[in-house]
Amino acid sequence: MIESFALADLGQVLDAFWRGSLGTSSAFFSGTLVRAIPLALVGIGLSIAFRAGVFNIGGEGQLLLGATAATFVGLYASALGPIAVVAALVAAGIAGAAWATVAAYLRDRFGVFEVVSTIMLNFIAVNLVSYLVRGPLQEPTRVYPQTEIIPFGARLPHLWPGTRLHAGAIIAIVAAVASWWFLSRTAAGFRIRAAGASPTVSRTTGRVRVDRVTFGAFVASGALAGLAGGIEVSGVTYALYENLSPGYGFSAIAVAILARLRPLAVLLAALLFATLETGALGMQRDAGVPSVVALALEAAIILAVVGVSGGFRDAPWRTWRASGATVAR
Amino acid sequence: MSPRQQASEPPALELRSVSKRFGDVVAVDNVHFTLTRGTVHALIGENGAGKSTLMRIADGLIPADAGVVRFFGAAPKAHDARGAARAGVGMVHQHLSLVPSLTVAENLVLGGSGLLRPVETSALLRTTMESSGLRVPEHVLAGDLSIVEQQRLEILKALARGARILILDEPTAVLAPADSDELLRWIRAFADRGGSVVLVTHKLREAIAVSDDVTVLRHGRVVRSGRAAESTEADLARAMFPDTLDRAVASTTPAAGSTIITAEAIVVVDAGGVQRIGGASFHIRRQEIVGIAAVEGSGHRELLRAIAGLVPVSSGAIQLPERVALIPADRLREALISEFTLTENVALHELGRRRGLMPWRELSGRTAALLDRFAIVAPSPSAPAWSLSGGNQQRLVVARELEHAVDLVVADNPTRGLDIRATAFVHDQLREAAARGAAVVFHSGDLDELLSLATRVLVVFHGTVSESGLDREAIGRAMVGAGSGDGAGSAA
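Residue numbers (my numbering), protein chains in the order written: chain D, 1 to 329; chain F, 1 to 492.
The hints are all genuine.
Between beta-carbon pairs, the in silico distance windows are:
1. D:110 with F:314: 17 to 27 Å
2. D:128 with F:101: 31 to 41 Å
3. F:362 with D:134: 52 to 62 Å
Counterexamples of contact, computed for chain D against chain F with all Cβ distances above 12 Å:
4. 27
5. 135
6. 239
7. 301
Think of the hints as simulated: they come from the structure by calculation, not from any bench. It should be emphasised that the depicted structure is a prediction, and the values quoted were computed from it without experimental measurement. Every residue, glycine too, gets a C-beta built ideally from N, C-alpha and C.
Could you put together the complete structure from these sequences and hints?
Set out below in structure tokens:
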């Protein structure tokens, strides 16, 4: 362990950061890009929710439910052969959407503030996964707290031989383009933006059924987070275990806000965050920087980047209050 | 009238050669303005003439580019909001800035420093109410106060901080006639006790009635300044609009087409579950312009919302047409999204019924045509709505809502805060809509406006709706529940 950093060490640390994130093709394609995929997918979903004035903090839980569903389908629907992966990802999206629906329903029906309900649902999801991988879904030898490895048919193909970059990257890009198109070109997307910007104007002038619109956006964001979890299982881990997500659902909140809730910009913001994370891991691995220091450093860098870019300025809490007030009625 | 102060005594507020630019726009251009102690000085001018900017400079909210501001003969060390407050300036803005979730007393001391001492705070509230003669209920949340009480609290806030100069920005714009008369009387009395007041207003009559001096701004310059007693409404109007054409009051013959709204014993309940309209029956026909007369809190707002189809009636039956244009009272809360572009704001109309893709190109072209047709001053259809002046924002709302043929127009205070020209525009549009066959139902807090536009008047008082003639006296009585008894609940 390093007690204090000399200047020479600093060069070594930065070098480790570089090699760990962007400097080598294996770090970039197998590490950074792979890590950016779930951040991007959850971030796109949250952008839609935040635009609608829904402060969904439950990306992590929705992602874990998606991962669970994909694992389940992957393990038990191997008869489907090569299309098992499609079934697994669809199931993942549905599971994430269902998990978000719980919070959306509580908000709609009882005025429960979604920040509170989604945080609680995150705890439930984390503990549900813990239970499953130590209980009903644990691998047959009963040694490791994880599920069995899913068969080939339930896995996403790699894009580049020799790297870990998988087809989930394409799904993320398609999701970003589709969401951008949806929000900016369709009437339903415009309704989401209007409902988030001013529920009152949307209701009176637009005669929009705002509660339906926000409900839909909430569920859609859950579906994208669930899909991210499914892709993580079928593209990277091939099994379900605890700590499958190093907090993707939470980092994605900052990703979405840094991208000013614009789906295409979310791709870049996700890449930036993934770079910082893999770089921090590289510092720990190659330069012996303690992981706590690396993680704190990563968080500090994120804060600096977000602060300098003014990313929090049009954060959702402006509209959040407006929509919260209508819920409270 | 208070005795005017000696010339040797420095004025309460003095602005010398004050100028302010925003980008390329000169908002205030070399303005001199003097408020003598113990007087009321009316500041009038059309929307965008620079009145609010000038008063924000006086209040230290924005810095002047050039010029000097003096309070009681002395220039403050630092001319900012704190310095102005210390010098005894208190400004009450047109859009009131109370915190609805705090109590009246808490609002009173908001912005102070140190600890919040409940006992001393309520003592301060009580002494301020006593010395000023303004009363508000003490132990309620500011959000539960009526508009009149909220405004009183704003004035109390300024007085509690020791304000000796009050700047009131269009204080009567939101008030019913009786309430504004009361406020104007209070302003006069405050000045007679030695206070000094700048009264920013659109209403020439009240400027002349209550003030000692009148200054007219146009395009950021002072075009007329003098004693109120020596000014007539016509003089001031000419100074405000040199090219004003004398508007002939187009008294439309009370035409009436087929019945388009039928209400049978309708009951309307507000968002809080309180019954606001209890069993009203009426018919409204095409081509009628129906003025809804009422004082704040009578239930007319809920009635208008029910007529617009925004809230369901909780009992009774109401038949409404399909195509409804809506001009709400608060354009930035209910009609426009300020950070959206003009095109997007036009697209908000009936957004709930739209399917498929947004035809942005067509919408943008349509918006450009609207800007042209309705003489809306805006850089382009892709400019954000906040970049427009209040008058032009309202024109945009009217243009959007009346662009297509409609069966019914519902308007709540459609000319609030607008200058004479923009007001005339809105009136013309409403008359035209009626001439084209729509029924127009509108409320105005200004009885003169109501009578100049309406072909028929319904009075809402305490949840009941009654027919009234076009007689100012009778309407005024019915609005406060002192009717002669002939308005028997329902009307044809």
